[in-house]
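Undergrad: Let chain G serve as the given structure and place chain W on it in line with the hints.
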Amino acid sequence: MTDLTNTVKATDRADGADTASKDKRGASSIRMQGLRKQFGRDSVALAGVDLDIDAGEFFTLLGPSGCGKTTLLRILAGLEEADDGQLKIGGKDVIDVPPHRRSVNTVFQSYALFPHLSVRDNLAFGLRMRGEPAAERNRKVAEVAEFIKLGSLVERRVDQLSGGQKQRIALARALVCEPDVLLLDEPLSALDAGLRGQLQVELQRLQKRLGVTFVFVTHDQDEAMVMSDRIAVLDSGIIQQVGTPSEIYEHPANAFVARFMGHDNLFAITASDSNWVDTGLGRLQLDPAEQRDTPDGWLLIRPETLELGGDVPADYNRLEGTVEERLYRGSRIEYRLTVNDHPLTAVAGNLGQRIHDVGDRVTIGICPEDLVRVAA
Amino acid sequence: MLQTSQTASRRHAVVSETRHLLFTVTPGAAWIILFLVLPSLYLMAVAFMTNGPYGLPQLPLSLSSFEQLAGVGFLGWSPGNLYTLLRSLWQTVVATGLVVLVAYPIAYYITTCRARWRPIMLLLVVVPSWTNQVIRTFGWMNLLAPGTPLSNLAEMMGLISPNMGLYPSNFAVTLGLVYNFLPFMVLPLYAAFEKLDTAQVEAAQDLYAKPVRAFWHAVFPQTLPGLLAGVVLVAIPAFGMYVIPELLGGGKAMMLGNLVATQFSGGSNWPLGAAGAILMLIATFIGLFAMRRIGKRLGGGEEVVI
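Quick note, the sequences are listed as chains G and W, same order.
Using UniProt numbering, read the first sequence as starting at 1 and increasing by one per residue.
Using UniProt numbering, read the second sequence as starting at 1 and increasing by one per residue.
Next up, chain G with everything else stripped away, as it sits in the complex (with noise of 0.2 Å):
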């Protein structure tokens, strides 16, 4: 499989001046506001979505199935259309305008190649449909097929060409048109891990080099949070949290959104005071930037800032608990351990520190800075 960076960054070396000039692209800023989207009576995909992206911002939508994350592209993609609210893509009212005559271009989860077209014939087409002339035309076909490494390819049809040789025609198709706003719906969904991992990188690195805003759509977290500048997390069609992926590892706004990031440490507290917390771990010392009005909510324990065995800083918080399971994931060790009763999760990179035994009985230490209070 060629590598994409390699073409980005050998183009770059080769012409960069000119290709500073050629490749910067009018990127438009997206502003939403009250949408909504409702499906037969009571299937309610959006409920009211407001929303600014940047212009030139790799911006993720992030949720479940069924969050309402890609009604909401395709509505930006102009293929659906909102039952209320309003859309601005580059500051001009969009709301109405159909797809065909919105400068956004769409990758499709199932890449949505046209199978009765050769490869070249499907990275022109937009070209084609707007009217551009076909010297034109051949210009920025040869040279996008050349830009994905997939120049010895053009002639072929697409139903034969291998998975992730798809995923970038679909890639090339959209982005031959120059468009302000490129939409990925799960595009890399159907890849196999490795090939996936590489892609993500790829798009990063290439999202930054065109400068052109990407919107990305995605159930996968990690996902999300390697490629993305900022995440808007959503659940039944309402937006729970949008922050850059730290923010929202790190400062999840609720419990669904610490779930959903993968957070398995999260206890109930069940009374709090200005400098402490009470959950069924026990007593825990709060950083007093985390002090809130009311007693309720979450208390979120990251499991890497949980130091097992060994002796504990005075200011920390002190557990003792019992390795029930170990988890040897080579580069760290993942111990699920009983605290009072209630599981809590650890995991501690594999640096040749001593690893515990199922039924070691060890000390946990938590720094007070560490531990995040969230809304129910």
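If you're looking for bench data, these hints aren't it; they were derived computationally from the structure.
Because the structure is a prediction, the values reported are computed rather than measured.
Worth double-checking, as some hints may not be accurate.
[What the hints assert, rightly or not] Each computed SDA-like pair below joins lysine to any residue, with the alpha-carbon atoms no more than 25 Å apart:
1. W:K210 to G:L161
2. G:K166 to W:R213
3. W:K296 to G:D159
4. W:K296 to G:D121
5. W:K195 to G:E186
6. G:K166 to W:A199
7. W:K296 to G:L117
8. W:K296 to G:R128
9. W:K195 to G:Q165
10. W:K210 to G:H100
11. W:K195 to G:L117
12. G:K166 to W:Q222
13. W:K195 to G:L161
TA: Frame of chain G; chain W shown alone:
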């Protein structure tokens, strides 16, 4: 010793394979030879014989039946048979075209229905053809005859002369053909539509294609194999159709099939009938060949017609 037994077993294998092949191929081959090759040869032989006293073929061999077919009679040339040929071609083209226009939306509509309704809708398309063709054609006769509501309506709108009725006429024949062959077009078109990924239509619109162009560039080419298969399934039997022009044309709208049939029954001129049948065969092959060429060009070099 070992070697000889090996050779023996290999020889045995070859023999059993040959026998196996013989058993499997013979029935089919015999069927084709008996019911297709021999009758065709007989038909060709008859076409080149002379018409005897009771319409039966006899020697010497001659081209007289082909001359008659071309319209050369003892009174000189008459265009009757030529008209019949042209009428057959015209009826086939018009009926096939209309079948396409009617079947295309039907097939598309069925694919847009819920999955559990689709088999039922397809059944509704096919069920009429479970009744005998002659009976259904008689049904149309009753519907189109003079004095019926449809005929009266056409009369009121000034489409036909008073008391003429919509039947018998060329129009009735066309209608009968369209009605009769509709399922043969709907089924392959439906199969083509069902394979289509609707995301492709959206992709086309996303790539700046207006709805009409999205249909023309993304949908239509993909239904072409089904469409051409349907055209073959409709046009070939329609070209040789006998029952519908016989009943709905009322003798005024004769097609090639009727010309041939008459020679073997009432008219009693077997060599002329055989010559007519050969003409139909040739015309059919030319049509198939043309369809393949068209299909190949439109399908981007791929074989799209059987």
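Undergrad: Confirm or reject each hint.
TA: How the hints compare with the structure:
Distance restraint check for K210 of chain W and L161 of chain G: the Cα-Cα separation of roughly 28 Å exceeds the 25 Å cut-off, and the hinted pair is therefore not satisfied. Restraint check for K166 of chain G and R213 of chain W: satisfied, since their Cα atoms lie roughly 24 Å apart, inside the 25 Å limit. Proposed proximity of K296 of chain W and D159 of chain G is supported: the alpha carbons are some 18 Å apart, at most 25 Å. Our distance criterion of 25 Å between C-alpha atoms is met by K296 of chain W and D121 of chain G, whose separation comes to about 18 Å.
A threshold of 25 Å between alpha carbons decides the hint, and for K195 of chain W with E186 of chain G the separation of about 22 Å falls inside it, so the pair holds. The straight-line distance between the Cα atoms of K166 of chain G and A199 of chain W is roughly 15 Å, inside the 25 Å bound, and the hint therefore holds. Between K296 of chain W and L117 of chain G the alpha-carbon distance is near 14 Å, which keeps this suggested pair within the 25 Å criterion. Distance hint between K296 of chain W and R128 of chain G is fulfilled; the C-alpha atoms sit about 23 Å from each other, no more than 25 Å.
Straight-line distance between C-alpha atoms of K195 of chain W and Q165 of chain G comes to about 22 Å, which keeps the hinted pair within the 25 Å bound. Between K210 of chain W and H100 of chain G, the direct Cα distance comes to roughly 6 Å. Compliance with the 25 Å bound is thereby established for this hinted pair. A hinted pair counts as satisfied when its Cα atoms are at most 25 Å apart, and K195 of chain W with L117 of chain G qualifies at roughly 16 Å. Restraint check: the Cα-Cα separation between K166 of chain G and Q222 of chain W comes to about 19 Å, which is no more than 25 Å; the hinted pair holds.
Proposed proximity of K195 of chain W and L161 of chain G is supported: the alpha carbons are some 19 Å apart, at most 25 Å.
In summary, the structure is inconsistent with hint 1 from the numbered list given earlier, while agreeing with all the others.
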